[in-house]
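Peer 1: Here are the chains, one letter per residue:
Protein chains: 2
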Amino acid sequence: MSRILVDGHGGDHAPGIVVEALAAIHAEYADAANKPTLGIVGQTEILLPALQQAGIADVVQIVPASETIGMSESPAMALRRKKDSSIHVGARQVRDGEWDALVSAGNTGALMAISKFILKTIPGVDRPAIASMLPAEGKSGKTLLLDAGANVDSSSEHLTQFAIMGSCYMEAAEGIQSPRVGVLNIGSEDIKGTDVVKMASASISDLDLNFIGNVEGTDLFLDNVDVVVCDGFVGNVALKTMEGVAHFIIANLKREFTGSLSARLGMLLAQNALRKLKTRIDPSEYNGAPLLGLNGIVVKSHGSADALGFSRSIQVAHREVESNLKSRIVESMNQWMEQ
Amino acid sequence: MSRILVDGHGGDHAPGIVVEALAAIHAEYADAANKPTLGIVGQTEILLPALQQAGIADVVQIVPASETIGMSESPAMALRRKKDSSIHVGARQVRDGEWDALVSAGNTGALMAISKFILKTIPGVDRPAIASMLPAEGKSGKTLLLDAGANVDSSSEHLTQFAIMGSCYMEAAEGIQSPRVGVLNIGSEDIKGTDVVKMASASISDLDLNFIGNVEGTDLFLDNVDVVVCDGFVGNVALKTMEGVAHFIIANLKREFTGSLSARLGMLLAQNALRKLKTRIDPSEYNGAPLLGLNGIVVKSHGSADALGFSRSIQVAHREVESNLKSRIVESMNQWMEQ
Numbered sequence: 523m524s525r526i527l528v529d530g531h532g533g534d535h536a537p538g539i540v541v542e543a544l545a546a547i548h549a550e551y552a553d554a555a556n557k558p559t560l561g562i563v564g565q566t567e568i569l570l571p572a573l574q575q576a577g578i579a580d581v582v583q584i585v586p587a588s589e590t591i592g593m594s595e596s597p598a599m600a601l602r603r604k605k606d607s608s609i610h611v612g613a614r615q616v617r618d619g620e621w622d623a624l625v626s627a628g629n630t631g632a633l634m635a636i637s638k639f640i641l642k643t644i645p646g647v648d649r650p651a652i653a654s655m656l657p658a659e660g661k662s663g664k665t666l667l668l669d670a671g672a673n674v675d676s677s678s679e680h681l682t683q684f685a686i687m688g689s690c691y692m693e694a695a696e697g698i699q700s701p702r703v704g705v706l707n708i709g710s711e712d713i714k715g716t717d718v719v720k721m722a723s724a725s726i727s728d729l730d731l732n733f734i735g736n737v738e739g740t741d742l743f744l745d746n747v748d749v750v751v752c753d754g755f756v757g758n759v760a761l762k763t764m765e766g767v768a769h770f771i772i773a774n775l776k777r778e779f780t781g782s783l784s785a786r787l788g789m790l791l792a793q794n795a796l797r798k799l800k801t802r803i804d805p806s807e808y809n810g811a812p813l814l815g816l817n818g819i820v821v822k823s824h825g826s827a828d829a830l831g832f833s834r835s836i837q838v839a840h841r842e843v844e845s846n847l848k849s850r851i852v853e854s855m856n857q858w859m860e861q
Numbered sequence: 523m524s525r526i527l528v529d530g531h532g533g534d535h536a537p538g539i540v541v542e543a544l545a546a547i548h549a550e551y552a553d554a555a556n557k558p559t560l561g562i563v564g565q566t567e568i569l570l571p572a573l574q575q576a577g578i579a580d581v582v583q584i585v586p587a588s589e590t591i592g593m594s595e596s597p598a599m600a601l602r603r604k605k606d607s608s609i610h611v612g613a614r615q616v617r618d619g620e621w622d623a624l625v626s627a628g629n630t631g632a633l634m635a636i637s638k639f640i641l642k643t644i645p646g647v648d649r650p651a652i653a654s655m656l657p658a659e660g661k662s663g664k665t666l667l668l669d670a671g672a673n674v675d676s677s678s679e680h681l682t683q684f685a686i687m688g689s690c691y692m693e694a695a696e697g698i699q700s701p702r703v704g705v706l707n708i709g710s711e712d713i714k715g716t717d718v719v720k721m722a723s724a725s726i727s728d729l730d731l732n733f734i735g736n737v738e739g740t741d742l743f744l745d746n747v748d749v750v751v752c753d754g755f756v757g758n759v760a761l762k763t764m765e766g767v768a769h770f771i772i773a774n775l776k777r778e779f780t781g782s783l784s785a786r787l788g789m790l791l792a793q794n795a796l797r798k799l800k801t802r803i804d805p806s807e808y809n810g811a812p813l814l815g816l817n818g819i820v821v822k823s824h825g826s827a828d829a830l831g832f833s834r835s836i837q838v839a840h841r842e843v844e845s846n847l848k849s850r851i852v853e854s855m856n857q858w859m860e861q
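Keeping their order, the protein sequence lines are chains L and F. For the first sequence, our numbering begins at 523 and goes up steadily by one. For the second sequence, our numbering begins at 523 and goes up steadily by one.
In case anyone wonders, no lab produced these hints; they're calculated from the structure. None of the hints are false.
One copy or any two copies: either way a pair holds, since identical chains are not told apart in the list.
Mimicking PhoX-like on lysine-lysine, the simulated pairs with C-alpha atoms at most 25 Å apart in a straight line are:
hint: 1; residue 1: K714; residue 2: K642
hint: 2; residue 1: K798; residue 2: K664
hint: 3; residue 1: K798; residue 2: K661
hint: 4; residue 1: K605; residue 2: K714
hint: 5; residue 1: K605; residue 2: K642
hint: 6; residue 1: K800; residue 2: K776
hint: 7; residue 1: K638; residue 2: K714
hint: 8; residue 1: K800; residue 2: K661
hint: 9; residue 1: K776; residue 2: K661
hint: 10; residue 1: K776; residue 2: K798
Okay, chain L solo, but in the shape it has when bound (with noise of 0.2 Å):
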């Protein structure tokens, strides 16, 4: 069973949402045999009122924290000067095994920094990544993305450690049977791109991977691969590219759609349809990235995440837990340390 703590202080609208989203999974989870048990970290007096109000005071658990990181605070300033924030005392929680995993939608270079210091990497990992989850064709309908933007110059060693976590990633907690792994280039034959990615290549080929060689940003979206590597810089601005094209149809699409009465018309008998729409590419429904590498399970929500975002992320810490990924890297790596 796993044991769930969530920052209580991170992101945009904490810790408002945090609150309903815990609200929502313990709805959700009621008669589930695999329920979640669930914390809060941080200021009680603060926290607690909002579980109250929520009507779910009894059934999360708070782990009192002193402390909260401004979203815009330095990650080095954060990680020496606030020993007591909710991030530091929720990384100690799971370091100690109080608790499984944290989940913050707090600053991501805080998050990222201080998960490291107090976590450590598993042996083998040079570097932790963030995991990013993209909307796609096909079954899965999913394609997993790292780094997307703890490290930039990642070498190809570090792209080569990122395809070992992500195919970990998606075989464990998604359940994708030996997922397509691809490097990100621009072009997909092998003589393109940069030395890093060539060499990235060559070394992800040796492995006991279903590796298919360089994809493209267009394969991100299709039936095509299942873990996408490439390093930080690169993954961010392909993620930040992808928030502002999906927002940029979105706004037109609205605002076309409202423009004249038949539109308007049209919309109504579309709700469905728009509906539906929605839910596929919303990035609430993809929110939760796994900061993979850490002795220990992170999962950072989106900062402007809503409730539905938020409880996303849980039920990615969630299936982290219950399918042992932590594990299950510790020995991937191993057995790459050993070849």
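Once you've looked at the hints, dock chain F against the given chain L.
Peer 2: Structure of chain F alone, referenced to chain L:
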């Protein structure tokens, strides 16, 4: 008056859509004072019947070239071995002043390599860049992204040159007064990103440009910036990610809208709105990527462009000629080198 030569053999649908685009441009500028003179380079025995069928054999001049370059041929081999290819002949015609610009939907690498070899670069430009236009909010409705894939491992000096050229382009060819120039990064703070982007920011901020600092992937589609510079690997990933998301959303939109009777009725009522949306985000409307920094005007059309898309590329070339873009870049590069 501009003289535009188009490659009769480049792209997935040549010469069909190329000839169709020429006919469209001929019709569109029929009574215009600035009507471009049109030519097509390639195999007469193929192109003449096509022009005749389209009824434009008397207004479009054929420049003979006996060879063609395949879309997946090695640029280096094409450069050395196919001296009578449509791209070689076209670039030589531009170099020799017979024509003002070459437009091709052919092999991007070969077009860049051959153009660079024959036309050379403008003094001060180390590497020409591919500049791609993206749809965006705001009055201009456009953002220029460069480099979109001509160069990998760009240095901060290269990014600085891209900033100068991109700013010249948006001012001259698009008529945007003091375009806002940004560096693509993974956060807006100065401490973010690689050393190359930090150094590029420092160097661009010393120029006489409207430099706004770091921008992110989401900014590309907002009214926040007009010219975004980045390494070609990063730019290509951003561009193809954009294409991938747009296709994914539109495919899902179509699927949902044809899924039920009420959705189909809704689509009928909203068809004007959907048509406007399509025009707004249609890649054809934004087609035509100038290769900036060459000592001559060359425009790359997407290989899979339709006739509308190819005609937009011809218009890009036409605007570059009419606005004296090359002289403006020469002048700006000279100012920079004298600093």
